[in-house]
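Visitor: With the hints in hand, could you dock these two chains into one complex?
Those protein sequence lines, which keep their order, are chains C and B.
Residue numbers for the first sequence, in our numbering: 1 to 260.
Residue numbers for the second sequence, in our numbering: 1 to 372.
The hints are all genuine.
The calculated DSS-like cross-link candidates involving lysine-lysine, where the alpha carbons are at most 30 Å apart (straight line), are:
#, chain 1, residue 1, chain 2, residue 2
1, B, Lys211, C, Lys205
2, B, Lys350, C, Lys27
3, C, Lys205, B, Lys213
4, B, Lys213, C, Lys125
5, B, Lys261, C, Lys125
What the hints contain is simulated information worked out from the structure, not anything from laboratory work.
Keep in mind that this is a model prediction, so the values were computed, not measured.
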Amino acid sequence: MSNAGVVFDAKGRLEPDDALKNPAHLKSRNYFKFPDLEFDPKGCYKRISSVFDISLSEDDFVSETKDILSQIGVSLGLDDTQKIVAVPFYTPKMGEGDLGEILENTLIPAVGKSYKNLLPDYEFKNEFPHPLKGHLESISGLGHDRLETAVKNSPVVGVCLFVLREYSVHAAREQIEILGEDFGLAGAIDLSSVFVSQPNLLFHKDEYPPLIWMSGCQTSWDHANFHYEAYGYNLMFNRRVHYDQVAEYWAHGVTCFKSI
Amino acid sequence: MSSTEALMFDKSLTAGEAKKRGDLRNRKPYIADKLAAIADIEEAGEISPIIRLEKSYLCNFQCTHCSAEYYMDRDLKKKETIDDRPKIDMDAIRELSRQADELGLARFVITGGEPLVMRDFDEVVAAIDPDKHYVITDTNGWFLDEVRAFHLKSIGVEKVQMSLDSFVEEEHNSFRNKPGSYQRVLRGVDACAAAGLNLILSTVLINGRAKTKEFRDLCQYCTDRGVGLYVSYAKPVGSATDHPEFVIDKEDADILREMEKEFLVFSHMTPSYGSYKGCITVKGIITVTSSGEITPCPYIDMSFGNVMETPLKEILARGMRNPWTGPHRPDCLIGEDPAFINLHQTVTAKHKLLPVPYGEGFKDDDSLDRIA
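Next comes chain B alone, as it looks inside the complex (with noise of 0.2 Å):
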């Protein structure tokens, strides 16, 4: 039985995930072979992981805990810095969106930045190819209405993934820093629904939190919601970077594995549907830097090589091969491993302008001893 047909009848699939594929494969027949043929691709030893791209970090939000704050130009002023680097076109994403299609890759995830203040946002959804890439935007809501919500499904969107940070209303906009984000951040949940745009709420987990009242009921309100609860650790990068009080310990995330028995709620370590990656570095995501690099996901500021110079094969390939990365893990690499995070602080700490290029940060003879 190939993979396609295995997950027709996969019963691991709960009846709301059924129906979703069933009614992409309807739409869009081309991605959905590509979604069903990554565990063939796993399989056979190939990875297929979800490429974030960055273009543009333009925000109307300065978030407590935000990763790209580095990368954005109030900070770049603040050091007096100009970021010079060649920026990603659109010929450059319809470039990476050809070599991901010819890798098998299949997902496209648009982030910032708040991807809905970007005024090319439609063009870069189309230089994507929606009908090649199952395409899915990150927000913060704030522009999430009703209207936009129809145009992004319009346009070829299939998925939203919104902030949410807290239950407590005050909590929320505290640490985003916003007043009134909370209640844009609900709207935009009905928004979705109306619009028939698959939702997953996404949350920052930071030391303690998995114990508190606040984040069982957000747990339960999304489990209410049928919306799936995604729980990003807290990194001790971008403005986190000053708050080593965030990182959690295993106890919060093994608090969080119980959790996903009663909720519908998971984090990038969770098995999903046959797939086990634990730590998702390269063989789970990458990001794309606005300047073309290429990092093992949201929160390594350190680069395994430029998309504008080098194959995204090659890239993958060093990904790989690196210690750190490459192999399976169980725990968060940058959010749980101490000594790599003592590392990622050190070498990042030396460069005005993020991420780090390759051979500079992580490199060809990298080693799980090395001290930056």
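Just chain C, with the same shape it has in the complex (with noise of 0.2 Å):
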């Protein structure tokens, strides 16, 4: 893995390529933040076992989760000091089936107790009133796809970081292209999986928190997608008109993975 040349901010976000064709900030003023987590494997193996039955030790999660965090440090050029966003993360094992029923069934769900978890006095909600089945795919090329085929038959491990900030959701897939097959724009599985092991990645009492689009998967309707977002101190699953347009308030996530 090797993408010399990709530059970030100060703030982490990493800075969009010269080449984009769609929308993105050129700079940032960082005005939506993260609340300020540390990458915190153990913390978010108990947070996620209390939710999955998880096939891994604490130990060797933790373990493969820093060497993949230690592998995307390497690849993108980045230092001890450089402050990004990112969370480790587990999906079981999934089988074959639709990926709206998935994440209707399964994964959301799964956010919501580990919300609950973390967090008894607020809420998580479905927002959107309609099933997911049908409505929802991965992108082909563009890693979801490749985590879609991987926890059909096995568990995954990952990292999620959060450095696609104030794209649009097309430029964030033309930027993932950029960083090449190593890395997969984030979507239904793997948010779904970052929500469950850090269910307070929103929570933010001071700032506004960005809202991340599901952008690894394409949805039935053309200027929308899915996300998660905060209400207040609440998280919501919903979808959305993006318009096609670029807002500092948008974030995407990309992952690595591993099978195990």
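Guide: Structural data, given as structure tokens:
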């Protein structure tokens, strides 16, 4: 993995490649912020294991995810002082099935359970009022398709980075292709797994956190996609129109994973 | 299932809301169809803002926080300024109504000033066309007795939005600088109920108020009466420009978000029946000033164009292209974002006549790191 030439700003945002054809902000004023969370595989393991039957030990989870993070650091030329938002995650074997159904019946309830475990005074809500079956699929070649195939057969561990901020959905898709095939654009499976692992990723009392798109997936609507978003101290899953625009509120996940 | 059908079976609607929508459908099916189609419009990537119409700024109150103060004759007189810009007339309103209808827009709010002191109020309602658009009027409640409420209903007004700034009588009267105004609001509540007018009460949230017993009592009163309480964040504009201490912080907004679970209370940021706009600039609301300028929210005094010169469709498109107002954001741009508040104050301070014309405030090549 090598991506010499990528540039991060002081807040850990990957600056958009000059070749992007779709809109992304050249610079960020960093108005929407993730809370200050450490990379904490031990804490994540505890939360994951309260929701999923996890098939590896805490030590193995810590070691595997630290190893993935370390490889990402080398690949992206990150030094130890560079602050990036990174969350370790675990996804159990999902077997065959429609991605929308897996999201609705397995992953979203798991996010809800983990959120309630960590933040019992607040709520996670699926605000999308219709069944998800048939409304969601991985985009070929952007990484989430590989993840979807992988979890049909075995669990995976991975790390999701939130370095793509203030990119339009289409620009994030372009940028991930530039990063190369070791990186995937997060979608339904990895983002939901991230919120099981770190349900307070968007819980911020002092600042507004960003919205995270499932941009590694496409939906049955041209200008809309699914996302996770905070509402005050609460978390919601929903669908929203993105108008093919860029907004400083918008973020996307970049994932590296390994089957186990 | 179309959105129209979906609404009929939408279990997320309260029984009261479903009844109101059913009643509207029986009386005004054209409007009911347009309202029901809003979800489809948004799903297709289009927008459907409410149009606030400020035909006149005449008002019998002088409130501490009035956002329209700088548009009023009394303020222009102080500044020794004459507003000689062309004003919207009934033909302009009819044309605005036609363009709005063509775009599928369905809702007009008559505001001001105090709408119920306008001599041509009925003519304005007719020009909007209450058979094509859902018509709402703002009011401070002073002139809203039962006779007036029945009259409003008879000319096609569907809903009243009345201001109540404290549940403590003296505080409301003091904030509104009008003794007796609190009692007039309570009379107005009863008058709307008698006349079958939909009603929401509106109140201004200043810093710290969300934590007070008074605010909680007001929320409880509205919930008990089945009347929605619309909470507007205080903005440092108009006569509140010199009150930066009014501006709320995120904690105030988050307390309100938690109270929405318990009471019939909402702000312009509140998710509503499947619609989650966040800041509603352009996407959820626009204001047409008396000079025909269109601003993206009642509290932003910078225009995206003049409806007497530029098609409404193009003005909305400008707003949606703008990096401040177009894309979705979860906070209130003019009520919470310090950089925008500063930009707005700096730009508007240079102009005696508001709003600031397009190109001098908002512009084609706007950017988020712009300094006024």
